[in-house]
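Enquirer: For the protein sequence lines, the chains are A and B, in the order given. Numbering-wise, UniProt numbering puts 200 at position 200 of the first sequence, and it's gapless, one number per residue. Numbering-wise, UniProt numbering puts 675 at position 675 of the second sequence, and it's gapless, one number per residue.
Hints in this document: simulated from the structure, not taken from any laboratory. Since no wrong hints were added, every one of them can be taken at face value.
Derived lysine to aspartate or glutamate pairs resembling DMTMM-like cross-links, with alpha carbons at most 20 angstroms apart: (1) B/K674 to A/D219; (2) B/K673 to A/E224; (3) B/K78 to B/D106.
For the chain A half of the interface with chain B, some residues (derived, Cβ under 8 angstroms), not all of them: (4) Y62; (5) D63; (6) V103; (7) G104; (8) N160; (9) D202; (10) G203; (11) T204; (12) A232; (13) V276; (14) F277; (15) D327.
For each residue, glycine too, the CB sits at the ideal point set by N, CA and C.
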Amino acid sequence: MRPYVLQGHTRPLNQVLFNAEGDLLVTCGKDSNINLWWTDNGVRAGSFDGHNGVVWTCDITYDSKMLLSAAGDSSARLWSMESGEELFRYRFNEPARACKFSVGERQAAISTDPFMNSVSAIRVFNIAEDPRDMQQTGPDEVIMLTGPRGRITRLHWVDNNRHLLSSSEDGMVRRWDVETGKVLQEAQLHEKQISDMQMSVDGTHFITASPDRTSKLVDTQSFEVLKEYKSAAPINSAAISPIFDHVLIGGGQDAASVTTTAAKAGYFEARFFHKVFCEEFANARGHFSPINSVAFSPDGTSFVTGAEEGNVRLHHFDADYFTTNWDRV
Amino acid sequence: MGGPTATLRPEEEKMFEGQPRGFPFGDFDLEDVMLPEGEDMGIPSDTDEDGQEEEVNAESGFGNVLVVDNLPQVPAEKYEKLTAILTKILSGSGRIREGGLFHPVDEATKMSKGYAFVEYENVEQARATQGALNGYQLDKAHKFAACLYDEFERLAKVPDAYEEPGERVFTPGENLLDWLTDKRGRDQFVLRYGDETEVCWNDAAKQQEESVYKRSFWTEAFVEWSPRGGMLATVHRQGVAVWGGKTFERLQRVGHPNVQNLLFSPCEKYLLTFSEFPDNRGRPHFVAHVWEIRTGKRLRTFDGPHEEYAVGAMARPDRGMRWPAFRWSGGGDAPVLLAHMKANAISVYQAPDMVMLDKRSIKMENVQDWEWSPNAPDATFAAYQAEQGNLPARVVLTKLPSREELRQKNLFSVAGITMTWHPQGDYLAVQVDKWTKTKKSTTTNFELFSLREKDTPIDMLELPNKSEKIQQFAWEPRGSRFALLHGDGSRPTVSIYNMKDNKSSARGVTLLHTMTNKQCTSLHWSPSGRFLLLAGLGGGHNGVVEFWDCEEMTLLSAGEHFMAQEVAWDPTGRYVATIVNAAAAMENGFQIWSFSGQPLYKTAHDRFFQLNWRPRPPSLLSEEKQREITKNLRKYSKRYEEEDEALLAQADTEFLAEREKQLTDWRNWLAAKKAAVEEREAFAREQLGGRFRAHEEFMLQEVEVSVVLDVKEEPANKV
Numbered sequence: 001m002r003p004y005v006l007q008g009h010t011r012p013l014n015q016v017l018f019n020a021e022g023d024l025l026v027t028c029g030k031d032s033n034i035n036l037w038w039t040d041n042g043v044r045a046g047s048f049d050g051h052n053g054v055v056w057t058c059d060i061t062y063d064s065k066m067l068l069s070a071a072g073d074s075s076a077r078l079w080s081m082e083s084g085e086e087l088f089r090y091r092f093n094e095p096a097r098a099c100k101f102s103v104g105e106r107q108a109a110i111s112t113d114p115f116m117n118s119v120s121a122i123r124v125f126n127i128a129e130d131p132r133d134m135q136q137t138g139p140d141e142v143i144m145l146t147g148p149r150g151r152i153t154r155l156h157w158v159d160n161n162r163h164l165l166s167s168s169e170d171g172m173v174r175r176w177d178v179e180t181g182k183v184l185q186e187a188q189l190h191e192k193q194i195s196d197m198q199m200s201v202d203g204t205h206f207i208t209a210s211p212d213r214t215s216k217l218v219d220t221q222s223f224e225v226l227k228e229y230k231s232a233a234p235i236n237s238a239a240i241s242p243i244f245d246h247v248l249i250g251g252g253q254d255a256a257s258v259t260t261t262a263a264k265a266g267y268f269e270a271r272f273f274h275k276v277f278c279e280e281f282a283n284a285r286g287h288f289s290p291i292n293s294v295a296f297s298p299d300g301t302s303f304v305t306g307a308e309e310g311n312v313r314l315h316h317f318d319a320d321y322f323t324t325n326w327d328r329v
Numbered sequence: 001m002g003g004p005t006a007t008l009r010p011e012e013e014k015m016f017e018g019q020p021r022g023f024p025f026g027d028f029d030l031e032d033v034m035l036p037e038g039e040d041m042g043i044p045s046d047t048d049e050d051g052q053e054e055e056v057n058a059e060s061g062f063g064n065v066l067v068v069d070n071l072p073q074v075p076a077e078k079y080e081k082l083t084a085i086l087t088k089i090l091s092g093s094g095r096i097r098e099g100g101l102f103h104p105v106d107e108a109t110k111m112s113k114g115y116a117f118v119e120y121e122n123v124e125q126a127r128a129t130q131g132a133l134n135g136y137q138l139d140k141a142h143k144f145a146a147c148l149y150d151e152f153e154r155l156a157k158v159p160d161a162y163e164e165p166g167e168r169v170f171t172p173g174e175n176l177l178d179w180l181t182d183k184r185g186r187d188q189f190v191l192r193y194g195d196e197t198e199v200c201w202n203d204a205a206k207q208q209e210e211s212v213y214k215r216s217f218w219t220e221a222f223v224e225w226s227p228r229g230g231m232l233a234t235v236h237r238q239g240v241a242v243w244g245g246k247t248f249e250r251l252q253r254v255g256h257p258n259v260q261n262l263l264f265s266p267c268e269k270y271l272l273t274f275s276e277f278p279d280n281r282g283r284p285h286f287v288a289h290v291w292e293i294r295t296g297k298r299l300r301t302f303d304g305p306h307e308e309y310a311v312g313a314m315a316r317p318d319r320g321m322r323w324p325a326f327r328w329s330g331g332g333d334a335p336v337l338l339a340h341m342k343a344n345a346i347s348v349y350q351a352p353d354m355v356m357l358d359k360r361s362i363k364m365e366n367v368q369d370w371e372w373s374p375n376a377p378d379a380t381f382a383a384y385q386a387e388q389g390n391l392p393a394r395v396v397l398t399k400l401p402s403r404e405e406l407r408q409k410n411l412f413s414v415a416g417i418t419m420t421w422h423p424q425g426d427y428l429a430v431q432v433d434k435w436t437k438t439k440k441s442t443t444t445n446f447e448l449f450s451l452r453e454k455d456t457p458i459d460m461l462e463l464p465n466k467s468e469k470i471q472q473f474a475w476e477p478r479g480s481r482f483a484l485l486h487g488d489g490s491r492p493t494v495s496i497y498n499m500k501d502n503k504s505s506a507r508g509v510t511l512l513h514t515m516t517n518k519q520c521t522s523l524h525w526s527p528s529g530r531f532l533l534l535a536g537l538g539g540g541h542n543g544v545v546e547f548w549d550c551e552e553m554t555l556l557s558a559g560e561h562f563m564a565q566e567v568a569w570d571p572t573g574r575y576v577a578t579i580v581n582a583a584a585a586m587e588n589g590f591q592i593w594s595f596s597g598q599p600l601y602k603t604a605h606d607r608f609f610q611l612n613w614r615p616r617p618p619s620l621l622s623e624e625k626q627r628e629i630t631k632n633l634r635k636y637s638k639r640y641e642e643e644d645e646a647l648l649a650q651a652d653t654e655f656l657a658e659r660e661k662q663l664t665d666w667r668n669w670l671a672a673k674k675a676a677v678e679e680r681e682a683f684a685r686e687q688l689g690g691r692f693r694a695h696e697e698f699m700l701q702e703v704e705v706s707v708v709l710d711v712k713e714e715p716a717n718k719v
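The shape of chain A in the complex, shown without the other chains (with noise of 0.2 angstroms):
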């Protein structure tokens, strides 16, 4: 089918991300702004308006009703998703990247960046039953992990919320007691920064993405890298299909020399390929520069793809994705 172009941003896309139902999609960029659509025809439902500086990511409730995002104004903020309103503003000192719910919602974990004397941090705060009180009590802080230097790209939350995973710009993902503050466990995973580390839907592995021209299946439990993907371009973001053995992977040329090479060198495709087997067995094109993020909807009959370009590409899946037998391909 025909994606929908979701043009809601001017600047280049940071994340996209669906709900837990999958019948809503939140976008967020540099210049930003978080939109908020419909997936099944592509309307505009809304948009979260207030951060002055670049939106790096995004979380959503598991009922939907709360939208968490972290952004380069030093803010993170916590937003109603049904009215739009801001309901709790984290202010720190630097930039905030990466920002992720506790399974429960109960807790929320943002990552800040290195600036001037500060180092890279993830804090884990207390989310009141109604946000809006802690306007007057200010954010319950319960500990701050610290100790490796680089920015951390990605978070997740393992193990009963008794760990947080991290992805960083120094390739390595780490596993962080968050009782302890203690770094449990680390892997070099890239030789680049790993700009996206994406969860599968029971949790049991995930795929990281990385500039370094690869993508990797990693075990949850031993960091073991399970499954490698190659491409010829630097790769941006990385999904994991809900439904079938598929990985979705996004990226291209870097766009500081897009300008200096032929278009369809770019590698602006989204690629499919078969997670067991490593192979590329589809591309999506219509990109015209490089995809910085990529979605499966959490149903696994559509994806979504943002680009540096400031366009969003929602794809449905034809029938035959469904019908065909892709292990015998």
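For this one, chain A is given, so just place chain B on it according to the hints.
Expert: Below, chain B alone, put in the same frame as chain A:
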């Protein structure tokens, strides 16, 4: 290098006692054993104590003295003259110290004793002269024997009585032709990318390459196959190593510090190594060694004044020497000759003793360029002598060793000449650029020599537009056609000619076909002829390729390997590779095509430097047998096709089995994680309370959908 593993002197044996066998290892990388900067690990370095080096120099005090023997013995009246001559010869490669020549005379007979002691300014000069002077032929009867004084003492100690050496055990050598025994007749190529060097089969049927041998840091510069594919040479800072056989064992290595280029003789017996650096006065200076590969023996060294070799077309603008200035003839049973050009002459040396053929160079006034015929038994070379005074310019074909002039052609107002030999030596094309009357522009024509015909007739060819620029001239291997790439601008014309009429096979240049406006920068004939590849390489051409059948003059297919910079046919003409090397920032790798332009497979390697097909030796089958095979090709090909199919079917099964295994492994892995998944779900359920829905809700269900595409009403036939 000198093979320290092979010959350890007794005291060295003691030094390396307890070390692993073969220590010190020859093929280590110096970088690997260097201590980190500013850290000596408690190991004293011998450069720390400055005084020691002096001592080594003064060990005997005669390091710079050379003993030259086999001099003529002359009476007193000729003594002065001989001494003068000696002084001149001996100071060729080094400066003799003041009063450093001692040329003794027998007091009784007043005859000179026939030897001399020469003291040089330093050890290096003495060594250099020794190398150059040993074996110097003064005249018929006197061949110099030069020896360092220190060395001389050692040699003098050699016992006079001959002691029979023990019988050596024969160890069978590597089978250098092992790769030819491949059942499927595949070809090999060597790849160099990143720090890796890899030899692969080109497995076109399976559409992939298959690794044969791979080694990191195998070479420090480049690798090169020998002309018949028996050996692979790797280039290192210390010299050149030669490898071969099934497991790529080292066959030989030769020491030539900072070697830059190498040239195998076509018979694979000899190797020329070459290096060029400015001397201490900043002038170009070169060293070339000729080696016998089997023994590793150095046969001759060329290390003369640079200007003597860099003449005519061999001279670079910076007065250096163009590579290759030395060129091998030969192959097969014909004598192997090495030749180079010098001012007004060409010098030819005959292997293996590398003495000059007939002891004199071949005189050629004002010679500018020359080239051997590629066909060995000919031993013919073509040379171009430029205009001089009243003498016209001329191109002359000379046959060796008789020095007989096969044919010559006088030419006038020549601006430049390019000679192109047919790959089998059947023809020679001479592109002549001539000045117009105004001397402001040039026109081009071709003189085409037919060497296989009586008296070597010459045909003249002019293009319709004489002033057009010729970009390339390419002979069809094993055929009589040639292709021309001509025209200005980015879209030139390709013309294909034949040297004889195809029907009557009478001689006469005929135009077969002209293609205008081609996106083409170079022409590449298949090594077996007939098929021609037009390639648009480099910037702005995107790597477009066109495959032409010149028998039928039809376009077989066209394709593109984006950014391609090089084209390389395999030695059989069955496959061709297009290459994007590290000169391009992206897309590095290669693509293999069939001869008809079908893209077969593409492999990407970052920092891709080299793809070289392994050459094949000439066929052992007689001409008749080859013709018989071509005639009954169908019968033979049927058999091989069946074999190929069986192999492919097997490969398919293997491939599927491998996939099945991967899938099973993955499912087993997932199954092993089941407990963790359940625990996680339970936790999520607990945390989210009523809000939780398991993701099973999204599981795929098979639904049958029937759609009515079209409904038509037709009257039923009444029976």
